[in-house]
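J.: Single-letter residue listing:
Number of protein chains: 2
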Amino acid sequence: MQRLSSDRESADRRERVPAADARGFALEEFLPYRLSVAANRISRLFARRYSEAFGISIAEWRVMAVLGRFGTLSPGGITERTEMDKVKVSRAAARLAAAGLLSSEADAADGRARRFGLTPRGVRLHAAIVPIARAMEAELAAGMPPADWEALRRLLGAIAGHAGELEAKHEGPQPDMRGPTCAGCDAGAQAPR
Amino acid sequence: MQRLSSDRESADRRERVPAADARGFALEEFLPYRLSVAANRISRLFARRYSEAFGISIAEWRVMAVLGRFGTLSPGGITERTEMDKVKVSRAAARLAAAGLLSSEADAADGRARRFGLTPRGVRLHAAIVPIARAMEAELAAGMPPADWEALRRLLGAIAGHAGELEAKHEGPQPDMRGPTCAGCDAGAQAPR
DNA sequence: GCGCGATAGTTTCATATGCAACGACTGTCA
DNA sequence: TGACAGTCGTTGCATATGAAACTATCGCGC
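Line order of the protein sequences matches chains A and B. The first sequence lines up with residues 0 to 192 when you count with numbering that gives the first Met the number 0. The second sequence lines up with residues 0 to 192 when you count with numbering that gives the first Met the number 0.
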């Protein structure tokens, strides 16, 4: 972790030396930014299509996708397999159940848990969405050579895995948070939220 | 665009044939899903760090980043360069200005426009964040070979570009929307919002 | 059996988001 | 010059989000 110039002796130097470096920072080259832009554009694309054609959101589609694959699942199981927040899963499942696409029953073995599954209508909707989703993916893939597409898929898995590790590392043991990073950043007041 | 079985003659076949295909749909292999998961994890990682260390959001950081690079910009100029919604830019800039990090003045040439720029404190904060951002990017990059990292950067640019084209195509002329996609999907009621 | 900390899921609440409406201003065309 | 369609940026509103609180239940230890 690079140390930022924390000396207070010279405002001039503080502004000139790191600023000379910082001025060269190009947001459009920054990988996290590119990733975010790409993901947002594609999410918008898919969200619009799912919403227009089927009246469901991406979160709801994900829930249906894992239920279509795994049969019945508990909210927790859905949460794991969709990588979504449990609150998001809970709400998506409630909406789908209200729309008659999901069945929900109490888990016989665990009184806290529930089992969600696709109703016959849910199965039909799932079967209708899958080809559309695949076609949209193919439309995206048509923009680059197949080898690039496969590489992108692989690299996204790799970066997500690594990011997951970093997240876990920072969530668990929180040592001297904001110590080394903020020390010396005399930015003054934190922006009001 | 793959045609989905829209025949109505046999509910059995409608359920068996496409479902057999649909059941094999693996969300975790779906590239848009992977992209979203990767982007969300990394955004959380960066958002947490920026917030803890500097009290700003990613949107605010992006505004500062482009102002640090280009000097003064109008809200519209910021919007273009950050790929963010104009509303998001407006609010981020307002918060940063309230925190004393941005200066804002009327544009002499155009009474509708404004000019935003970094205040001296904004410049210092910008100079403090850049090395942190670079260090975090390096931490991420450490998870894969440099060649893979470069490939990922390039492929993200390519996919975002292609997605942008598709978005533009679907936004402009909206011909028979939901015609070919929804035709034959007898999913019944749209999920209530 | 019976506390009691841990777990599953939902709900509450404060914030974030984006579309649409708005006010302010511009440049053009008659 | 003086309407008026178009643009710039902000604000209002309805929805989406997630952290934390809450309810119901579990299963361990005694």
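Hints are computed from structural coordinates only; laboratory data are not their basis. Bear in mind the structure is a predicted one, so any value in this text is a computation, not a measurement. No residue lacks a Cβ here, since even glycine has one placed at the ideal position from N, Cα and C. It is possible that part of the hints are untrue.
Listed next, the stretches of chain A that the computed footprint assigns to chain B, with coverage defined by at least 3 CB atoms under 8 Å from CB atoms of chain B [as the list claims (entries may be wrong)]: (1) 41–53; (2) 100–107; (3) 146–155.
Calculated lysine to any residue pairs in the SDA-like style (CA-CA distance at most 25 Å, straight line) [stated by the list, open to error]: (4) B/K168 - A/S56; (5) A/K87 - B/E138; (6) A/K85 - B/L30; (7) B/K87 - A/R153; (8) A/K85 - A/E28.
Here are some of the chain A residues that sit facing chain B, going by a computed Cβ distance under 7 Å [to be verified]: (9) F24; (10) V65; (11) G70; (12) D84; (13) A126; (14) M143; (15) I158; (16) H161; (17) G163.
J.: Now, for every hint given, state plainly whether the structure supports it.
T.: Verification of the hints:
1. 41–53: That given contact holds, which follows from 10 residues of the region 41–53 of chain A lying within Cβ reach (below 8 Å) of chain B.
2. 100–107: As far as the region 100–107 of chain A goes, the hint is violated, because 1 residues have Cβ atoms under 8 Å from chain B.
3. 146–155: Since 7 is at least three, the answer is holds.
4. B/K168 - A/S56: Given pair B/K168, A/S56 holds - Cα atoms ~21 Å apart, limit 25 Å.
5. A/K87 - B/E138: 30 Å, violated
6. A/K85 - B/L30: 22 Å, holds
7. B/K87 - A/R153: 32 Å, violated
8. A/K85 - A/E28: 34 Å, violated
9. F24: 5 Å, holds
10. V65: Interface hint status for A/V65: holds (6 Å vs cutoff 7 Å).
11. G70: Given a least distance of 9 Å, the restraint on A/G70 is violated.
12. D84: 10 Å, violated
13. A126: It holds, given that the least Cβ distance between A/A126 and chain B is near 4 Å, below 7 Å.
14. M143: 5 Å, holds
15. I158: A/I158 check passes; min Cβ-Cβ to chain B is 5 Å, inside 7 Å.
16. H161: 3 Å, holds
17. G163: 6 Å, holds
Taken one by one, the earlier hints fail for this structure at numbers 2, 5, 7, 8, 11 and 12, listed in ascending order.
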